Amino acid sequence: GAGVSQSPRYKVAKRGQDVALRCDPISGHVSLFWYQQALGQGPEFLTYFQNEAQLDKSGLPSDRFFAERPEGSVSTLKIQRTQQEDSAVYLCASSLNPARTGGNTIYFGEGSWLTVV
Amino acid sequence: DAKTTQPNSMESNEEEPVHLPCNHSTISGTDYIHWYRQLPSQGPEYVIHGLTSNVNNRMASLAIAEDRKSSTLILHRATLRDAAVYYCILINYGGSQGNLIFGKGTKLSVKP
Numbered sequence: 001g002a003g004v005s006q007s008p009r010y011k012v013a014k015r016g017q018d019v020a021l022r023c024d025p026i027s028g029h030v031s032l033f034w035y036q037q038a039l040g041q042g043p044e045f046l047t048y049f050q051n052e053a054q055l056d057k058s059g060l061p062s063d064r065f066f067a068e069r070p071e072g073s074v075s076t077l078k079i080q081r082t083q084q085e086d087s088a089v090y091l092c093a094s095s096l097n098p099a100r101t102g103g104n105t106i107y108f109g110e111g112s113w114l115t116v117v
Numbered sequence: 001d002a003k004t005t006q007p008n009s010m011e012s013n014e015e016e017p018v019h020l021p022c023n024h025s026t027i028s029g030t031d032y033i034h035w036y037r038q039l040p041s042q043g044p045e046y047v048i049h050g051l052t053s054n055v056n057n058r059m060a061s062l063a064i065a066e067d068r069k070s071s072t073l074i075l076h077r078a079t080l081r082d083a084a085v086y087y088c089i090l091i092n093y094g095g096s097q098g099n100l101i102f103g104k105g106t107k108l109s110v111k112p
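Protein chains in written order, with my numbering: chain S, 1 to 117; chain Z, 1 to 112.
Everything labelled a hint here was simulated from the structure, so no lab data went into it.
With a straight-line cut-off of 27 Å between C-alpha atoms, the simulated BS3-like cross-links for lysine-lysine are: (1) Z:K3 - S:K57; (2) Z:K104 - S:K11; (3) S:K57 - Z:K104.
Bear in mind that the values here come from a model prediction, so they are computed numbers and not experimental data.
Modelling step: build the complete structure from the supplied sequences, incorporating the hints.
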């Protein structure tokens, strides 16, 4: 497809389990973002990649969260030892230009819905 | 990035225009005004953005006050599909990393 693709769409994990969420950005997009959205809240920034470089990881809530984009295209968000407060929608987004380009348009995927039980 | 203030919710009737306000009294001269919306169970989608002048595209119009301390997103004829949360976001590309910082937005309901 032409848009940002995320998988799995839905994931139920037992507390303490590790999960991996995949993002396929739009082809050729330089920038890739991960956001976390709790129920009833706006999305919150987690981390940003420009190509393969992780330039900002200030939003990752703990060292249990890890993201990578080794070849500058597909990205994986990994959550180790999941806890109930990790239950949220994880949104991936990409843009053609570097994030600090004026008027940069960001395109979002539909999200991966994680429920930790 | 400067803060924005939006009403929590608004209602509209189908096929009528909708004016969604956003206040940003601390906006700086280099802050861009972006609007995104999020339909139920979807990721956010870009609507429109502007810097100083009013902007039009196929989805909406953006009216920016002369002093830039407020702006209004205009949907010319609301449809049921326009029911969503609308986010007004300021980005200072020179002073920030350029990522979107979402507030709570305005939840728009459209009545048939």
